[in-house]
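Colleague: As you go down the protein sequences, you meet chains A and B in turn. The opening residue of the first sequence carries number 1 in the working numbering; numbering runs sequentially from there. The opening residue of the second sequence carries number 1 in the working numbering; numbering runs sequentially from there.
Simulated from the structure, these hints should not be mistaken for lab results. Here a beta-carbon is modelled for each residue, glycine too, at the ideal position from N, C-alpha and C. Among the hints, erroneous ones may be present.
[Said to hold, decoys possible] Ranges of calculated distance between the beta carbons of each label pair, as one might list FRET restraints:
| # | chain 1 | residue 1 | chain 2 | residue 2 | range |
| --- | --- | --- | --- | --- | --- |
| 1 | A | G14 | B | V228 | 51 to 57 Å |
| 2 | A | G14 | B | N299 | 22 to 28 Å |
| 3 | A | G78 | B | A472 | 52 to 58 Å |
| 4 | A | S66 | B | P89 | 44 to 50 Å |
| 5 | A | D133 | B | E401 | 18 to 24 Å |
| 6 | B | M92 | A | W181 | 43 to 49 Å |
| 7 | B | P446 | A | D191 | 27 to 33 Å |
| 8 | B | P313 | A | G84 | 47 to 53 Å |
| 9 | A | A76 | B | E401 | 39 to 45 Å |
| 10 | A | W181 | B | C78 | 22 to 28 Å |
[Unchecked claim] These stretches of chain B come out as covered by chain A in the derived footprint (C-beta under 8 Å, 3 or more residues):
| # | stretch |
| --- | --- |
| 11 | 37-47 |
| 12 | 182-193 |
| 13 | 377-387 |
| 14 | 447-457 |
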Amino acid sequence: MRKIAHAPVACPDGIVLSLSEISSLTYRATRGAGYEWGEAEEAAYASVWLSRAGLDWAGTILGALSGARAHTPLPARGVWTAPGPLCPLRTGMALADFARLPEGPSAEPVVCVAVAHPLIILPFAARVAASLDRPMRLSWADVEACLKPGQAPLIEGSVAADEPVDVTVACADARRAMPMWPRFHRGDICDAQYRDLTALALRTTVPTSARSQAGAGAAGGDND
Amino acid sequence: MINADPARDTGVAAFRRPASEVMRLDRLGSAHPMRLSFLRILLRRMVDEKWSFDRPVFDLDERGVGCAAYRANGPERCYSLVCFAHDLPAEMRSDRVIATAWDATFALFDGTPSASDLERLAANVPLQEAGRVTERELSLSRANRSVRLFDHVVDRLSHGLQPDPEQIAGAGYLMRTTAVYGSGKFGAADRHAIADRPEMMCPFQAEMLSVWFTRLFSVDLVEHLARVRGGDKAARLSTDHRKALGVGNSTGLGMAPFLVRHPILLNNWIMVREEALARVRSQASASEQACAGFDAALNDAIENARQWHSDHPLQLEKLAALHSGLELLARHAGSEWDRKQDHPWDALWRWSQAALPVEAQEALVSLMLEPHGALVDGLAQCMAADETPAANLDGAMKPGELQALIRTHYDWALRADYGTAADSARFWYVSEDKLEPRLGERYEEPGAERELPLDTGRQVAALNAALADCPADMPVARLLLQKPEHRNAVCRVQLSAGRPFAEIQDNLISADLMPIDMLRCKLAFFGATRFDPRSDRWVRISLFQGLPYPDEIGGN
């Protein structure tokens, strides 16, 4: 691994990052993986949201950013598909963007067909809930997730999904009691995940040239 | 909320400056510190709430190496600056972010550190970026000595003498910080974790507290070294000399992208200042007390300008404009300005628009706010921002609505021709070795394909062109499916509705961009004085100069 500034010190239990470090690392890694800067901003939001919820933010974002690029969804009433597996990031963003449009989940449930790493959809479904000001329900395999505006998610089932799954997004009733966000937030990441995200982030950086070094600072020394 | 008082507001609206004037970079780059600057807000709160201060640790050896801790005790919580003083060889002294060793390193601890906290901090803080702090730390920083003045002061005090006032005035500080990191950097507490505390709600309060204690530490350190050298005959620094010392700061491009990456914060800061100015201008009369406060502030400003030195040609030009402008202002305020007329402050402001250079006009903003604390200080609580709105993009918006927003808030962005070399000459990027923002020459250096999205004007112009090709009823959500490259611009344009001051209204990749203008804007909001550029992208400033020390405002 190349030595970079800002690298946290590893400890036996992995690395603990602040939310702003999670945001910054995800922002750069997402751009490094070939997404647009505006999308990287959304991915950073998603990572922070997942880590606040105590979910595997690093594994999820890394999964979404690595491997073959999945497809942008084609939103239609009731079913969102594409010629192959759906990109979870772009599906999540589109769900939030279409929140109040007919193709979105406000009128009838939407089934997103074959989504890889579906956890990433949760933070965006939370945005839908905030935008519509009503609870949302997500389900795939044996997972049931309930999202209420401003509250931490309630998740039941096994969230790990190795293969793309069909995710249903629908409005829900408000009866269930929801957990509160924890008072303090940090995010865990293991060494290998940190290394891989950093490698992606480094694709956004430019090697320092003598010229850029010279221009960046003061002309003289500091012994005055 | 700023608009929460309609009775007051109806009168004030007519006195507000338009964003198209305020947000031009040359005007932002002429900003002056003011009573709503962050360090002034911090000091006011600590005075109002009668904070007390103590120094629970001061363990320095005869070389000045060791540890000290300063504590601020507020009504609900306390904060401690833990300082580590080092023995730094001259050849290692650099104010660049690429340095690896410093004369002193600091962390602001949330509460009172235990012995094991101090041990943990001693193992990490001196390493700065190469170490790691925790959620108990609110800031991480370092400082180097202003060598000539530091040695001179130690030498004089050790002989029982006071330092040469000219040398004090020349440097203005014993130490200068080279970076003050907060908000979750290197493992520190996130802004989020402290933002709901009243004393931390305003931006950068933890960082300002850290720098204020650093100033005291620099004085304690010279007095300690003078005592080591001179024994009983050593003198302490006189009150006047102490007051004349601030803390220096060296800052480069690392600070510049902040204003672009935080449009809601930028909007709130500027809106508060502009609202404050409008409130003063809207006053029907000028009280004797306010006039006296203005006159005193003007005298101070003239004196400060006299002591404000720079060797940089750009700054020399601005300083000349400031000197001549303040002189004109003093003459006008002393004789021609009718203080008994209707709306006298507005009359003074209107006069300045034709009579004074931009540099002095912006100084006048600060001077007019100075005697109006009761009218404007409450606005400080509007300077913070929750920057994570739950839903920040309206995908249902139609092209026509977006285009209307662009016409209203981004006409400046459409004026440039980004196809020309002059209007796209620069690119912002992050350097690989230090992950620091830099500015490159697009047509002369490699790396433009890794450009940072600070080219807001160009992005909005591209969005505007894309919208022209969209069917009128196509929601923006569908455009973003096809063209995700416009997402950033769509977010910013939508965000600008109701936030007129969210954007610097200039092309940040043009050949004639002055990056130091961005630095000065932010530094003025911190409360920085003596802005002294060392290049077009590197600057030294002073913080807390002339302001009180802990023992002058609190107990102990």
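Colleague: Next step is simple, just say for each hint if it's right about the structure.
Modeller: Hint check:
In this structure the supplied range 51 to 57 Å is violated for G14 of chain A paired with V228 of chain B, their Cβ-Cβ distance being about 46 Å. Restraint check, G14 of chain A to N299 of chain B: a C-beta distance of roughly 59 Å breaks the suggested window 22 to 28 Å. At roughly 26 Å, the beta carbons of G78 of chain A and A472 of chain B sit outside the given window of 52 to 58 Å. The hinted window of 44 to 50 Å between S66 of chain A and P89 of chain B holds, with their beta carbons roughly 46 Å apart.
Taking the beta carbon of each, D133 of chain A and E401 of chain B are about 22 Å apart, inside 18 to 24 Å as hinted. Against the hinted window of 43 to 49 Å, the Cβ-Cβ separation of M92 of chain B and W181 of chain A comes to about 45 Å, which satisfies the hint. A hinted range of 27 to 33 Å for the beta carbons of P446 of chain B and D191 of chain A is consistent with their spacing of about 32 Å. For the hinted restraint 47 to 53 Å between P313 of chain B and G84 of chain A, the CB-CB distance of approximately 60 Å leaves it violated.
Between A76 of chain A and E401 of chain B the beta carbon distance is about 24 Å. The supplied range of 39 to 45 Å is therefore violated. Against the hinted window of 22 to 28 Å, the Cβ-Cβ separation of W181 of chain A and C78 of chain B comes to about 26 Å, which satisfies the hint. Residues of the stretch 37-47 of chain B with a Cβ under 8 Å from some Cβ of chain A number 0, which does not satisfy the need for three, so the listed coverage is violated. Only when three residues or more bring their CB closer than 8 Å to a CB of chain A does the claim for the stretch 182-193 of chain B stand; here the count is 11, and the claim holds.
Proximity of the stretch 377-387 of chain B to chain A, defined as three or more residues with a beta carbon under 8 Å from a beta carbon of that chain, is not established by the 0 residues found. By the rule of at least three residues with a Cβ nearer than 8 Å to a Cβ of chain A, the coverage given for the stretch 447-457 of chain B holds, with 4 such residues.
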